[in-house]
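K.L.:
Protein sequence lines, in the order shown, are assigned to chains A and B.
Counted the way my numbering counts, the first sequence spans residues 3 to 345.
Counted the way my numbering counts, the second sequence spans residues 570 to 969.
Since the hints were derived computationally from the structure, they do not count as laboratory data.
Treat the hints with care, as some may be off.
Said to hold, decoys possible - Derived DSSO-like pairs: lysine-lysine, alpha-carbon spacing no greater than 27 Å straight-line:
1) K802/B with K130/A
2) K919/B with K152/A
3) K919/B with K888/B
4) K888/B with K126/A
5) K888/B with K152/A
What the hints assert, rightly or not - Selected chain B positions facing chain A (in silico; Cβ < 10 Å):
6) S686
7) V898
8) K919
What you are looking at is a predicted structure, and each value in this text was computed from that prediction instead of being measured.
Glycine included, each C-beta is placed from N, C-alpha and C at the ideal position.
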Amino acid sequence: MDAIILQILNGLDKGSAYALIALGLTLIFGTLGVVNFAHGALFMIGAFCAVTLNRLLTLSHQVVDETRTDFLGNPLKVDVPYMQDIFGEATGAAIIDWSVPLAILFSIPIMIGFGVIMERGLIKHFYKRPHADQILVTFGLAIVLQEVIKQIFGANPIPTPAPDVFRGSFDFGTMLGFDPNVIIYPYWRLVYFGFAAIIIGAVFAFLQFTTFGMVVRAGMADRETVGLLGINIDRRFTIMFGLAAAVAGLAGVMYAPINSPNYHMGMDFLVLSFVVVVVGGMGSLPGAVLAGFLLGILESFASMNQIKSILPGIDQIIIYLVAIIILLTRPRGLMGRKGVMED
Amino acid sequence: MFGLGKRDLTLFLIVAVMALFAPFILNPFPTDSGMAQFNAGYPDLMQRFVIFGILAIGFNILFGLTGYLSFGHAAFLGVGSYAAVWMFKLLSMNVIPAILLSMIVSGLFAVVIGYVSLRRSGIYFSILTLAFAQMSYNLAYSVLTPITNGETGLQITLDDPRILGVSATADGGIPVTNLFGLEMRSFETLNIGPWAFQFSVGYYVAAVIMLISFYIAIRIFRSPFGMMLRAIKSNQNRLYYTGLNARPYTLAAFVISGMYAGLAGGLLACMDPLAGAERMQWTASGEVVLMTILGGAGTLIGPVLGAGFIKYFENIFSKINDQVVHGWVSFLPDGLEDLVVALIHPFVGKGWHLTLGLMFMLIVIFLPGGLVEGGQRISRRLRRKPAEDDAKSASTEPAE
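Work the whole structure out from these sequences, hints included.
P.N.:
Put into structure tokens, the structure is as follows:
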């Protein structure tokens, strides 16, 4: 029992990332009908927003500290971040410590802007082109973004720590009445799951309860009619693209402490996220979220030693295997709508 | 002749002549000149031209004719390489059985993958093939390590059995791949004045195989079977309405295309008996797609051009470093020179992939038909010009 709960918990954080990326992909697909192979790159750019903010906040200048000396007896030079000059020592240190959560605020305008520019500048011209062309051009864009990031930040992963409070792990098992030291779970992963749940809830609420969301949903169902009613649906879809980019970016920002950002993290997630979207059903938002968590948890179950000893290597292929089975038995995916992508 | 039409025959002969004289054509600069680094006429690169040409020709049979975009073709390349290296390990260092086995194994592999993937079309097909390729890649790194030797890659060693050959040469070295005694890596150098032309056995073996594959591809393009595949691309539903089942045809195209990829993988292993899982990665699949698109999907010569183009620029661009760029722009004032070098720097050397990605985007955006279409547009414009000098404004390109 405790092992099962542990695996479910372990699957949650990866599942959250899959769900967030797949949600963005589905938003773009459902509104604009475009298959965005550059979505993984957006996730990566989000993670590098966190890295950038961290670097900006830790910009520092050297100050001679008279009270301390180095081993030669000279006064020691200490790096003092500008943040500590501006906000005082304690507040400045706290701001730096909380750089990853702060990066959420920092990244939202960047990602929305990026998404809107991408849609207006590139994707717009590909609505009437075949899906193969859309895949290819966004694939090219993904390569370009990835290489640009590589030029700027280098090829090595950049550790980006979570705030001090959330570092380390806690004993989740004792809260549920299990023996201590059975279910140890890092704080940040729980934060990530909570964050993902909030974002997913916010996106659904936005679509469900606002006028804007209602128009977008109407546009997803029948774009032409909404256009004929005199609503500028293209502009709203552009904003939705920005929103989807922001969701991917936020998923990346918060993922930075779990896995140090490197330039190819987007590609690694992209392939899996596509599989998630297909399993969930092309164009179905709840399907994408459900499939994201489902596959994340399945993956973590498959990496249990007991299962690996029966079926070696199953952890490497479980997601693809599930996708293949689903596609062959339920071609529309778990919750796919009728008539989407059935040309 | 050979059952080809007049235009196809001309095309085939041009390709054949180009392939046979490639060591001259690709070596236009004297060895001691500063331009010698742009020469492509050395065996290793020429082999890659023709081998990736085969891969792209095969991919084009699937994508160009049926419109099914496979994102997992690198898996067949990898499988072909592994099969060939195993043949070298177990049977002999002769390349013929290795190539045959790599084609058979990748063909079987393609039957399985194709049977499953072709149940869906469009984007689903792309994702299914991608999933299969990633699965093979992951498996090659983990569970299948006894067969694939994991991260180290599969190599030939001194204690391999090699039933029909020898485990080690007389002087205790590892035997080299050969075609009935002709060693793949051996080459002759012909010195004419300042030029040095290299004729490698490996290149000519690969080139002959490429020509055979190209010939078969032309025959497929012109056959009723090829016509059927084109019908699938233009409207599969109508084909079903007329009572034809399209799936056997697409499966056949998929398997043929997979065997071409396996052949290319086998040849890669023949030139350098080493197989690694990174050949199966999905970026490698993306590269095949790019070659075909760049040259022109659905045309005969396009994929060969695209493969050559990409491999050449990959090689040349990644060789250019800052010093070389400094050499080019040294006539500029110092400050400006540094600026130009700094501007070019991200795109050359290790930044080759950035150039590749940009090229990919530009081609898809502005020239979806690839180099072949670009050439056609230019020639059409040149031909039209004298007649339509007065009506120039009318000859604008149609909006994209």
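K.L.:
Please flag the earlier hints that this structure goes against, numbers listed from lowest up.
P.N.:
As far as the earlier hints go, 4, 7 are violated by this structure, in ascending order.
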